[in-house]
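Participant: What follows is the residue order along each chain.
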Amino acid sequence: MANKSVWSDNRFWRRTATWVTGFASILLIWLTFDTSGQIAMGNDADLKNGVTKRVPGPTVINYKITYEMSPKRGHEVPVIGEKEKFFGRDDYSEKEATALLHLGKLAEQAKNCMDCHTLLGNGAYYAPDLTKAWLDPAWGPNGSMQAMTGKNTREEAMAEFLQHPNQYPTHARMMPDLGITAKEAKGLVAFLKHMSSIDTNGFPRNFGKMQGAIHGK
Amino acid sequence: MANNYLKSESKQLATWYFTFAAIIFGAQLVFGLVVAIQFVVPGFLYGVLDFSIARILHINALVVWMVFAMFGSVYWLLPDETGIETVGIKLGKLLFWIFAAAIVVVVLVFLLVQVGPADNTTIWFITEGREYIEAPRWADWGIVVVALGFVANLFLTGMKGRQTGIVTVLMADMIAFSGLYLAGMFFTNNISVDQYWWWWVIHLWVEATWEVFVGSIAAYGLIKMIGAHRQVVEMWLWIEVAMLFGSGILGLGHHYFWIGTPEYWWEIGALFSALEPLPLVAMFIHVLYDWGKETGLQMAEVHEGHKIEGHTINNKPAFTWFVLNAFGNFLGAGIWGFFHTLPQVNLYTHGTQFTAAHGHLAFFGAYATILVGMMYIAVQGSNGIKVLNHTKASLWGVSLITGGVMGMTIALTIAGYVQVLVSRAQMGATWAAYFDGQDGVWFQQAMDWRLLMGVVTFVGFLFLAKDLLSTGKSAVHIR
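As given, the protein sequences belong to chains A and U, one line each in that order. Going by the working numbering, the first sequence opens with residue 1, and the numbers climb by one from there. Going by the working numbering, the second sequence opens with residue 1, and the numbers climb by one from there.
Treat the hints as calculated values from the structure; they're not laboratory data. Please read these numbers as outputs of a predicted model, since none were measured by experiment. Think of the CB as a built atom: it goes at the ideal place given N, C-alpha and C, for glycine as much as any other residue. Mixed in with the good hints there might be a few duds.
Here are some of the chain U residues that sit facing chain A, going by a computed Cβ distance under 10 Å [stated by the list, open to error]:
#	residue
1	33
2	178
3	181
4	237
5	244
6	252
7	433
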């Protein structure tokens, strides 16, 4: 104890801990402000004017979404294309589309989807990732799910499956009947379509590589 | 458990918390077995207790028992550290019953009601449906009230009594712990925003405030068990705090790679989460080093007239669990976390069984071990034992639990590997690709092994429970 070194001084380390914690917290708060701006939901005007948002507005359900390689960014990004019918319409107003998305997000939480599926890669690992589920070839024109449900469009096939999952066994691990109503199913499909338009920095990579989801126009 | 050895009311209250925690720990393992069986036999309890519900109970039970054991640990150490009795002990007892009752109600609703219609009544009264924090909103507010009461007790006692470094760190840490929970209590249509704040609760709890909490508990335990020098232990505690918060707060970035957030999180997340393993083993090694240097030579001690060789550790089961904490934390949180923390790797491993492997070993290694260690310290104190030794049951308990969790971790790591190669790298993460991976022979065998190792863990828990209940009366201890 004769040579009191700063390196074995509790006060020095207490101050260090305080400063490091404070600095990290302030940096996190600053980055949070920046990120919040970048992940705020866009609106209908952005979509009409071709302004790209990381999280587009709810009226994105009026458009065709694809997931394509961006040479500039080096990974796949969602591309919002021409108009596309969603349950027979491509003119959902901002209010209608928001209401659908709201219902879908509420349904996703009320039915505990994340405790089997993953969304944006987070959740349980008992059932497939739903991040880009809307774009999954299985729901497409020649897809197994569309054929099984006997429906003619992606959204109708998905909505039918969500309402009666135990009638369409897809795997030994079957989705249970969660009492999802027709209205809720429509909201859920809108939610899934919206989620597929979120720019996830290329996750999941090579989505549908073997089954033609990328460049699958 | 309380008896005439336990003069402190705070310590009596701690034993309530530990008892409830141990019961919920058992429940966690039971529901874990259910989900493990469902991976092997998919029809098991289909439509009765589906995977989603069993998993909610598995994981929420984990969180709840750990929070209970943390509160218990604080109530246990407060009288020792501050030198006074906890101030609001009546409030503490009331809050215990409120907390325990609320949990029973929430569990019953999860079991019997499970899901609701897509409206706000479900969010308020059945489930919020947000992974790990599914508790309905009324319970959220209840938890906030309970947490505030707990923090008030900690602060009032800390201010009035002696303020050691350990108490100071706990005071700062528990404020953050309680405050962060608020970030998980709102609804938004924007799932990117939802996930952004959700991680403030999950990551900043588990990888920042919980880790610092463990540092404080380890410091306390080492002083108690081996008589380590407070000066040395607290110096390392402050270094720990600096390293843990310095890496953990911005390590949050490793959850922001793929949820719609900007690319700069790749670099921030990679850098700071790569630093996260460093502090996890530091304090323990150095305290052991200093202990060995200063007291290790004086192996002989005198207890009540007779000489006892080598009893510088006064609670061997607790010490075993604390040592497992040092290694388990480093391996499970550090190494298994680092496995898939770089964005280049995480792009393929995110959302696979790799995460489950990491989760199992990290929660066990970083938290379960040290909290079980604290339960043994409480058993020692409650029974007025000078040196608590291992019994056959404590050895079986610690060996089977550790072996079982390690086995589950290895099995899940193999499963994750198959998933990454088949579902992700080769097939591209679609519905069909997902099931191709799940149906692989290696994946399925890994799931069989996980179930078997889960059973081993559960048997270990039975030994542990038996030992915690009966070791106080055993003749192997020195009183």
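Participant: Are any of the numbered hints broken by this structure? If so, which, sorted upward?
Facilitator: Checked against the structure, the hints that fail are numbers 1, 2 and 3, while the rest are satisfied.
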